[in-house]
Amino acid sequence: MEQALAQAGIHLEDAAGIVATGYGRMNSAYTDKQFSEISCHAKGIAHLLPNARTIIDIGGQDAKAIRLDDRGMVQQFAMNDKCAAGTGRFLEVMARVMETSLSELQEWDNKARTVAHVSSTCTVFAESEVISLLSAGTPKADIIAGVHKSVASKAGSLVLRIGLQEDVVMSGGVAQNRGVVKAMEAELKVPVQVAPNPQIVGALGAALFAYEAQMKKQK
Amino acid sequence: MSKMQSILEKLAINPVQAVEDYKKKTGKGAVGCIAPYTPEEIIHAAGMLPIGLWGGQVELNKVRAVLPAFACSIMQSIKELELSGSYDILTAVLCPSSCDTLKAIGQKWTRKDVPMIQFVHPHNRKLPAARTFLAKEYQHVRERLENVIGEPIPDEAIVQSIQVYNEHRAVMREFARAAGAHPDLIDPKTRHLVFKSAFFMRKEEHTALVRELTALLDEAPVKPWDGPKIILSGIMAEPDSILDVMKELHIAVVADDLAQESRQNRVDVPEDGTVMERLAEQWQNMYGCSLAYEHEKTRVPMLVDMVKKNQADAVVVAMMKFCDPEEFDYPMIKQTMEKENIPLLQVEIDQQMQSVEQFRTRMQSFVEMLRHE
Amino acid sequence: MAENVQKTAPSSREMLGYYLNKSYQDAIEGKARGELVCWASSIAPCEFCETMGIHMLYPENHAAAIAAKHGAEEMIEHAESMGYSVDNCSYARINLAYMDIQKCVAENMPLPDFVLVCNNICETLIKWYENIAYQLKVPIIMIDVPYNYEYEPSEWAIDYIAAQFEHAIEQMEEITGKKFDYNKYREVMQIAAESSYWWTKAMGMAAAKPSPLNGFDIFNYMALIVCMRGKTGCRDTFKKLAEELEEKIQKGEPAFKEGEKYRIMWDGIACWPYLSHNYKAMRALGMNMTGSTYPRGWKLDYDKDDIRSMARAYTSVGNNLSLEAQIDLKTEVVRTYNCQGVTYHLNRSCKCMDFLFHEMQTEVARRTDTPYITFDGDQSDPRNFSKAQFETRVQGLAEMMEQRKS
Numbered sequence: 000m001e002q003a004l005a006q007a008g009i010h011l012e013d014a015a016g017i018v019a020t021g022y023g024r025m026n027s028a029y030t031d032k033q034f035s036e037i038s039c040h041a042k043g044i045a046h047l048l049p050n051a052r053t054i055i056d057i058g059g060q061d062a063k064a065i066r067l068d069d070r071g072m073v074q075q076f077a078m079n080d081k082c083a084a085g086t087g088r089f090l091e092v093m094a095r096v097m098e099t100s101l102s103e104l105q106e107w108d109n110k111a112r113t114v115a116h117v118s119s120t121c122t123v124f125a126e127s128e129v130i131s132l133l134s135a136g137t138p139k140a141d142i143i144a145g146v147h148k149s150v151a152s153k154a155g156s157l158v159l160r161i162g163l164q165e166d167v168v169m170s171g172g173v174a175q176n177r178g179v180v181k182a183m184e185a186e187l188k189v190p191v192q193v194a195p196n197p198q199i200v201g202a203l204g205a206a207l208f209a210y211e212a213q214m215k216k217q218k
Numbered sequence: 000m001s002k003m004q005s006i007l008e009k010l011a012i013n014p015v016q017a018v019e020d021y022k023k024k025t026g027k028g029a030v031g032c033i034a035p036y037t038p039e040e041i042i043h044a045a046g047m048l049p050i051g052l053w054g055g056q057v058e059l060n061k062v063r064a065v066l067p068a069f070a071c072s073i074m075q076s077i078k079e080l081e082l083s084g085s086y087d088i089l090t091a092v093l094c095p096s097s098c099d100t101l102k103a104i105g106q107k108w109t110r111k112d113v114p115m116i117q118f119v120h121p122h123n124r125k126l127p128a129a130r131t132f133l134a135k136e137y138q139h140v141r142e143r144l145e146n147v148i149g150e151p152i153p154d155e156a157i158v159q160s161i162q163v164y165n166e167h168r169a170v171m172r173e174f175a176r177a178a179g180a181h182p183d184l185i186d187p188k189t190r191h192l193v194f195k196s197a198f199f200m201r202k203e204e205h206t207a208l209v210r211e212l213t214a215l216l217d218e219a220p221v222k223p224w225d226g227p228k229i230i231l232s233g234i235m236a237e238p239d240s241i242l243d244v245m246k247e248l249h250i251a252v253v254a255d256d257l258a259q260e261s262r263q264n265r266v267d268v269p270e271d272g273t274v275m276e277r278l279a280e281q282w283q284n285m286y287g288c289s290l291a292y293e294h295e296k297t298r299v300p301m302l303v304d305m306v307k308k309n310q311a312d313a314v315v316v317a318m319m320k321f322c323d324p325e326e327f328d329y330p331m332i333k334q335t336m337e338k339e340n341i342p343l344l345q346v347e348i349d350q351q352m353q354s355v356e357q358f359r360t361r362m363q364s365f366v367e368m369l370r371h372e
Numbered sequence: 000m001a002e003n004v005q006k007t008a009p010s011s012r013e014m015l016g017y018y019l020n021k022s023y024q025d026a027i028e029g030k031a032r033g034e035l036v037c038w039a040s041s042i043a044p045c046e047f048c049e050t051m052g053i054h055m056l057y058p059e060n061h062a063a064a065i066a067a068k069h070g071a072e073e074m075i076e077h078a079e080s081m082g083y084s085v086d087n088c089s090y091a092r093i094n095l096a097y098m099d100i101q102k103c104v105a106e107n108m109p110l111p112d113f114v115l116v117c118n119n120i121c122e123t124l125i126k127w128y129e130n131i132a133y134q135l136k137v138p139i140i141m142i143d144v145p146y147n148y149e150y151e152p153s154e155w156a157i158d159y160i161a162a163q164f165e166h167a168i169e170q171m172e173e174i175t176g177k178k179f180d181y182n183k184y185r186e187v188m189q190i191a192a193e194s195s196y197w198w199t200k201a202m203g204m205a206a207a208k209p210s211p212l213n214g215f216d217i218f219n220y221m222a223l224i225v226c227m228r229g230k231t232g233c234r235d236t237f238k239k240l241a242e243e244l245e246e247k248i249q250k251g252e253p254a255f256k257e258g259e260k261y262r263i264m265w266d267g268i269a270c271w272p273y274l275s276h277n278y279k280a281m282r283a284l285g286m287n288m289t290g291s292t293y294p295r296g297w298k299l300d301y302d303k304d305d306i307r308s309m310a311r312a313y314t315s316v317g318n319n320l321s322l323e324a325q326i327d328l329k330t331e332v333v334r335t336y337n338c339q340g341v342t343y344h345l346n347r348s349c350k351c352m353d354f355l356f357h358e359m360q361t362e363v364a365r366r367t368d369t370p371y372i373t374f375d376g377d378q379s380d381p382r383n384f385s386k387a388q389f390e391t392r393v394q395g396l397a398e399m400m401e402q403r404k405s
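Chains as they are written, first to last, in numbering that gives the first Met the number 0: chain W, 0 to 218; chain H, 0 to 372; chain A, 0 to 405.
No lab work stands behind these hints, which were simulated from the structure alone. Heads up, the beta-carbon is just placed ideally off N, CA and C, and yes, glycines get one too. The reader is advised that the hints may include incorrect statements.
[Said to hold, decoys possible] Computed from the model, here is a short list of chain H residues facing chain A with C-beta under 7 angstroms: (1) Trp53; (2) Gly55; (3) Val57; (4) Lys102; (5) His122; (6) Phe132; (7) Lys135; (8) Thr335; (9) Glu337; (10) Phe358; (11) Arg359.
Input sequences plus hints: build the corresponding full structure.
Take a look at the structure:
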C-alpha cells in the first residue's frame, strides 16, 4: 500500500475515498469500502468501452466471464472452478515447463504453424501432456499455441454459460498476451477487443466506485 | 485379400453412412440407443435400425456450458454430439436412467425434432413386481415409439426380433471365445471393432458376418502366445489408440467384461411369458454388471473365474473416469484380486484422451511387472 | 417428550441437541443389549423400522457431522486407500471408511444389522448401500423409486413401489422374527406425519419478512427430521420451534438484528466443513438464506390407509422429480420465500443435483427475474472448496441484487 502511494506520489490523507478489490480486499485496513472483482471489472469496462456486453477477465487466480446490460450493470457472471486450468497461473506453469517466460509466450505463438492439442481440464494433466508433446518433437511454438487455445476454450465455456453477446472485451493481465486473444476470437468466432491497460481495469473500476461515492457525498 | 480381412472390412464402422444407407434401402429410419442397455428388440421389430450411442472422440465445446467437467466422457461426448446436431439424422433416441448422469442426459435433451424416449430399469430386480414394472415401462417405450413412427409394432415382430437378438448374442459369445484363442489373428483393436460394429448394423447381418469370422478362427491352428493375457473389465476400452498400445506391447485380450462388449451378450431373453415380460426378465437375469444392482456382487467372483477359465495373467479395469457405478465396484475387485493373487491394473478411461503416453507408461510397467512374476 | 421434561421448558435448540444425542446413545446401548440397528438413507420410509422398534441411524447425517467437526479429511483419505475414487460422493467415502475403522470425531455409530435404502435422493445411494451390504454381509431392504422422467409418477411405478413396501414388511418380519404390528404402524405413521407437518410449518416461517429464522439453522435442525421423523421428540421439537418463531414474528424480532438486507435461496447441500465460514461471509453482506428445498424435502403427506399414496409421497421427493417439476419447485421456493437471488452449490459430491443446474438456473432466473451465482464446493470433502472464491461470488451476487434494487 505504502509502495503504491509512493509510486503515485500521493499520501494516504490525499485520498478522498478508498475502495479495495481483488484477493485480500477484506484484509485491507485503509479502505472505506470493498467490491468484488466482478463488479469492479464491469465498472471499469463500462467506463472504457460502453458498448461492451461480455467481459472475459483472466487474471492470475481466476478466469471469469461477465455479462453486462445496457447500463453497464452486471447481469450474470461465471467463474472457473477451483482448478487453476485456464488462468494466468496455468500459463505460468506452462511457460516454466517450456523454459520460457510469460512475456515471451505471444512471440512464440506468432511462430506457430499448427495448433497442438493440449487438454484444458486440468493443469497437472496438461503439464504431462505438454511434456509428452515436447518429447515427441512437436515444435514449441505449436505447443504454446495449443496452450493458448486451451486457455481460450476454458474461458469460452464460461462465456457460453452466461450467453455470448457482443461486444466482447478482454481484461486482466492475460489479455496482454495477443496469442490468447487470437485464440479467444477463434474460439468464440467473434472479434474480441482488449481493454486499454487490461491489467488495471479492476483497479480502475474500484476507483470509479470511490469517485461515485464521493460525488454522492458532496451532493 | 484374405477371407478374414474381407469380413473385417464389412464390419467397418461408419455410423452416418450406415443410417443413410439403411434409409435408402428400406425407407425406414434409425433410432439412437444411449449406452448401456436399451430394449433394442422393439426398435428392430419396427423395421428400424438401432444405433448404439456410446460417445466418441469429439472436441468438447458446447457441452462445457451445460455440463460440469466431472461428468463421464461418454456423456460429455454424447451431449456435445447432440448439441452440434449430429443426432438429427435419427428418428428418436432411447435413454435408460441407470445412473445420475444418465437421468440428467435424458432430461437435458434439446433436439425437438428427435424425440427423447427415456425409461427406467428397476434396481430391486429379483422381485416379481420389478418384472411387471419393467414390462410396463418397455410397453411405454413401445407406445411412444409407435407414436413417433405412426404405425404399430406387433407382438409377433418383437418375438421374431428377440430370436434374432438371442442368436446374435450366442454368436458373439462364440466369437469372444474364438478370439481369445487366437490373439495372433485378432488383436485388441480388431476384437473391439467386431463388438462395436454390432451397434451400427441390423443384428441378422452382423450375426452372419461374425459367424463366418468365428468359423475361420476355429479352422486356424491355435498358436502359443508368449505375451501377457488379460481380462478387460469396465464400461469400455476406448479410444482405439489405447488398444493399439496394447497390441504394441503384445498383450492379448482373452476375454472381457466391458459394458460395450460382452455384457451386451451375457444374458439371453428367456422363452416364457408375454413379449414385454420376456424382455423385462432378461434384466432380472442380468449379472456381473455395475449397473445392475446385486449386493452379492457376482462380478467379483465372475472376474476370478474368467481369469482361471481363460488362463489369463491379469485383470485390467478400464475405469471410465467419473462413472460412479464402476468406481464403487473397484475397491471390492481390488480386495479380492489381492486375496487371489491376481495382478490387477486400473487405467483411467477418457474418450477424449489425445495423448496415450501416460497410458503407455502404466501399461508397459505393468507388463514388465508381469514378466517378473 | 414425557420422560425428560425439565422444570423450565427447554428451548427447541436444547431439545434438538438432547434428542440427537439420544438417538445415537440409544442405538449404542441397544446394540450392546443385542437389539437391532439399521442404517438408512435420509428420506427412506423409516415407518416400518420404527414400528418394529429398530434403532435407526443415518450415515448421511453422520458423515455431515464428521465433516462439520473437521474430521472428514482423514476418513476420506482412508476411503481412497481402500480404492474409492476421489470423485465418489464424499458422504459415501466417509461412511465406508467409518465402516472400516469404526472411529471418528463425531458420535460413534454401531454397525448395522441390516440397511434400508431408498434412491429418491440419488442413484449413488444404491451403489453405496450395495457395498455396505456386501462388505458387512447384512440384509438390505431396498425401496427403489424409479426416476420420474415425466412430470408425474406412472401408475405402474406406484404399483412397483407399493409392492416393495409390502416386501419390506416381510423382510422385516424375517429379520426380527416378529410379526409386524399394524396398530403400532398406524401410530408411527401418525407421528411421522405430525413431525413432517411441524417441520414444514416451522421452516415455512422463513417466508415472513424479515425472517425470524436464520436460514443456516435449517442445516442444524435438519439432523432431527432426518434421524427421528418417526419419534415424538422430533415432532415436539419442531412444534416448539414453530412456537418460538411465531413469537419472534409477533414481537418483531428478526433473525438478523442488524437487518436482513438480502434474502436468498440456497440450492443444494451445505458445505459442512465450511458451514460457519459460509454463514459469516453471507451474514457480513446482510444475506439470509430464507429459501431452500429442505422444508419440502420431508413434506411427506400421505393417506395412512393407502399404501399407494405413501408410494407416491416417497417418489415425489425433490431430486427424484423431472427437470420441469424441479424448476417449478424452485421457482415456487424463490417466490414463496421472497428470495432476491439464488446461490447454487456446484457440489463435487452430487452429480444428481449438479447436472441439471444449467437448465434450472436459466429457467428459474427467467421466471423469477432474479440473479444467481454458482460456487464450487463439496458437501463434506474440505479439499474441494476455496474460501476466497466463495467470498467473491456471494459478493458478486449481493452486488447484482443491489443493482436490481436501484
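Evaluation of the provided hints:
Interface restraint check: H:Trp53 against chain A, minimum CB-CB distance 19 angstroms, threshold 7 angstroms, status violated. The restraint placing H:Gly55 at the interface with chain A is violated, with a minimum CB-CB distance near 20 angstroms, outside the 7 angstroms limit. Interface restraint check for H:Val57: the shortest CB-CB distance to chain A comes to about 19 angstroms, outside 7 angstroms, so the restraint is violated. Checking H:Lys102 against chain A by beta carbon gives a least distance of about 5 angstroms; that is within 7 angstroms, so the hint holds.
The restraint placing H:His122 at the interface with chain A holds, with a minimum CB-CB distance near 4 angstroms, inside the 7 angstroms limit. A least Cβ separation of about 4 angstroms between H:Phe132 and chain A falls short of the 7 angstroms threshold, and the interface hint therefore holds. Using the Cβ-Cβ criterion of 7 angstroms, the hint placing H:Lys135 at the interface with chain A is satisfied: the shortest such distance is roughly 4 angstroms. Annotation: interface hint on H:Thr335 violated; nearest CB of chain A at approximately 11 angstroms, more than 7 angstroms.
This hint is violated: H:Glu337 has a C-beta 10 angstroms from the nearest C-beta of chain A, more than the 7 angstroms allowed. Violation of the interface hint for H:Phe358 is found here, the shortest Cβ-Cβ separation to chain A being roughly 18 angstroms, above the 7 angstroms cut-off. With 7 angstroms as the threshold, the beta carbon of H:Arg359 stays out of range of chain A, its nearest partner Cβ sitting at about 22 angstroms, so the hint is violated.
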